Amino acid sequence: MLITRGRRRRPVLLGAAVTVLMLSIAWPRAFGAGPVTVTFVNWASAEPATRPAILDVINAFERAHPSVEIKSVPVSFSDVLHQLIVQTTAGNPPDVAQIAGNDTVALQATGALQPLDGLAPRAFLESLYPNEVTLGRFGGALYAIPWVVAPLGFWYNRPLLRQAGLNPDRPPATIAAWLEAMRAVRAKDPGVVPFGLDITNRSFGLDVNWPFLLAFGARPLGVRAPDADTPQMRAYLTWVRTLTREGDTLPGKLLGEFRPLAARNQLAFAFDGPYLRGVILSLNKSMTPAQVDATWGVTVLPAGADGRHYTVPTDHQLVMFKAARDKGAAWVFMQYLASDRSAIETYTLTSGVIPPLRNAAAMFPQQMGGPIVQAFVRDVIPTVVRPAWGPTYSKAYPAIMAGAQQAASGNDPIADITKQMQAQLQAAY
Amino acid sequence: MKARAWLDGMAVPAIAILLFVVGYPTLRAILLSGYNDQLLDPAHVRFVGAANYARLWRDPVFWSAARNTLVFTASSVALGFVLGLALAVLTEHLAPPLRWLRGTLLTPWAIPVIVVAFLFRYMLDQQVGIVTYLLLRVHAIAAAVPWLASLRWAMPAVVLANVWNQTPFYLLMFAAALKGIPEEVRDAARIDGAGGWQEFWRITVPYLRNTMAVACLIMVITNFNNFPLIWAMTGGGPVYATTTLVVYIFQLAFAQFNLGYAAAVGTVWLAVLLGLAIVYLRTLQRPAFASVNEA
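Chains as they are written, first to last, in our numbering: chain U, 229 to 657; chain D, 756 to 1050.
The following block holds chain U by itself, in its conformation from the complex (with noise of 0.2 Å):
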């Protein structure tokens, strides 16, 4: 009897804790009790060097607004675009992310991001860079703000320009001067290497080569046709080829793949972002800062035929998604991010790259007073150029890295490498 009763009671008491255990599941978020949260894609939080620095931002942030949680996803900088877009196909797209050059436009080209206009208040848009707010807009309306500044510079190690007997405060300001610097530093130490290109097959790798094309004259993706086969792009691609035959580059490396060897001073001239200097002290744990603003001297990318310097940016711009939940918990996130006195101080500062704030030289003058600083801020950023992003940017960048790469490590004559990069690009169009 006892038996059969205690085999009645089960389902009843079975049902009454599913009952609880949903309601308790329920309950916050019928009656809005708890906290909403934002979804936030970033690779800062995947990277060992930053990953501190942002975890303590996103706690302070949530501390100042207890209402909202963020949940971070690390995806490393690689995978962002596929990550983000393989989530947008499927339906569940974060509520912010963290996203960078020709990435921003693609994203956009999908329709998925959510415009910003109405969401920006005026004031803050005012009181960032120009040109950096210009950069997240597109067909007029703005789709992504501007988290970091971070332009592309021309690096150079004065001890090692010494020791090459070259003058260490006067790097070289054309490509001519600057390939007889690189035979310069090859000749008294094989050891070091004396520049670090990296010509990898992504779009990063175009982005980072596109200042390069431009010194050149060479323009690969017209309007509305490629424009590969030309007198500049073979020179582009001679020049290439001259780096690595001659051994003034290492083929096949990634750009943070060269950043070891300069915190190790065996890298002659490196082409990278302020964050560079981040990295060195990161690395190399014997440097102190100091030591760093003396060994390393920035300045703009020699020119070419034209006398121009030119780079482009590699910026962290921040983007809402259209189904984000609550675009204005998602908002408040993103300008805190770009704006906060304490995030920046936390995260972009201590990062050793550039606020967007038109006044963070007022700011912050002892972090922002250093020379590597100053030098891109008042060198370097006037020279930045937006490579032809887009759609068509992505479809192209495999066919003109392919072509970098046969000039580099293959022995097909330059013109037949230009003609097929050019067949290859129509397929693009």
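It should be emphasised that the hints constitute simulated quantities derived from the structure, not laboratory data.
Possibly wrong hints are sitting among the right ones.
Label-pair distances were calculated between CB atoms; the ranges are [unchecked claim]:
| no. | chain 1 | residue 1 | chain 2 | residue 2 | range |
| --- | --- | --- | --- | --- | --- |
| 1 | D | His799 | U | Arg365 | 22 to 32 Å |
| 2 | D | Val800 | U | Gly367 | 14 to 24 Å |
| 3 | D | Leu1036 | U | Gly367 | 47 to 57 Å |
| 4 | U | Ala401 | D | Leu786 | 50 to 60 Å |
| 5 | U | Ala590 | D | Arg813 | 55 to 65 Å |
| 6 | U | Gly556 | D | Asn791 | 33 to 43 Å |
Facing chain U, according to a computed beta carbon distance under 10 Å, are these residues of chain D, among others [as the list claims (entries may be wrong)]:
| no. | residue |
| --- | --- |
| 7 | Asp814 |
| 8 | Pro815 |
| 9 | Ser905 |
| 10 | Gly990 |
| 11 | Gly992 |
| 12 | Ala996 |
| 13 | Gln1006 |
If you want the footprint, here are the derived chain U segments under chain D, 3+ residues with CB under 8 Å [unchecked claim]:
| no. | stretch |
| --- | --- |
| 14 | 274 to 282 |
| 15 | 304 to 318 |
| 16 | 426 to 440 |
| 17 | 616 to 625 |
| 18 | 629 to 640 |
No experiment lies behind these values; they were computed from the predicted model shown.
Here a beta-carbon is modelled for each residue, glycine too, at the ideal position from N, C-alpha and C.
Add chain D to chain U, keeping to what the hints say.
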């Protein structure tokens, strides 16, 4: 006599699941291959018939990837097969104190492919790699070679890493099959005066033939699909020197987001793989193979 049911009722759930997880995506991919479907250009998705297949016919990267797939698969399977068989035969009669050696030889199979890829990337590094260092020390090379960035050496380097990782699989398969050879058959051959080499060709190889066919079939399919090793070691480069069909499909679908064309390449790749699978399965069903089992 009761007629044999053409479909066992117990198999229905499994077939239903397979139709859902394999049949539907395959059908969807084949349908997708008839569309211009680019995720970065969602406004212009349209049916284009066989245009993606026509483009594929003219695409030099596709043909280069097809050639690379064959080279990578054939050389990986052939080298792994020969090494695995040799190691299985050589370690078959190890003295008890040396039996740990066979276990040690299986270790590479237990290492995740992605770890193998990075291991070989570091070993083959132009600047700090142990391979370059040793070859320079013994004067086998005059200057450091960028193995993975070289048009000539990238594919051999990737195959080397793959063979190192996969040889233990063949060793395991052949070692198990060797145990299945009856001792009486070996004894009879020896009494008839067969030497070691004759015993190998006339006893060992026929008895292992089924295992060899199955092992090769599995590894051909595995290597046709081998994405992580190549992607992590070379990303398909330099140029397209190590771009296999599966790497090309990934690049088209997830770097250029051209789903329609990627589906067309994937459909061709699937057809080739199915063709190979049918050839091997037919081979297995030949009377000569069945007779070895019966023996």
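### Message
Of the numbered hints stated earlier in the document, which are not met by this structure?
### Response
Hint 14 is the one this structure does not satisfy, whereas the remaining hints hold.
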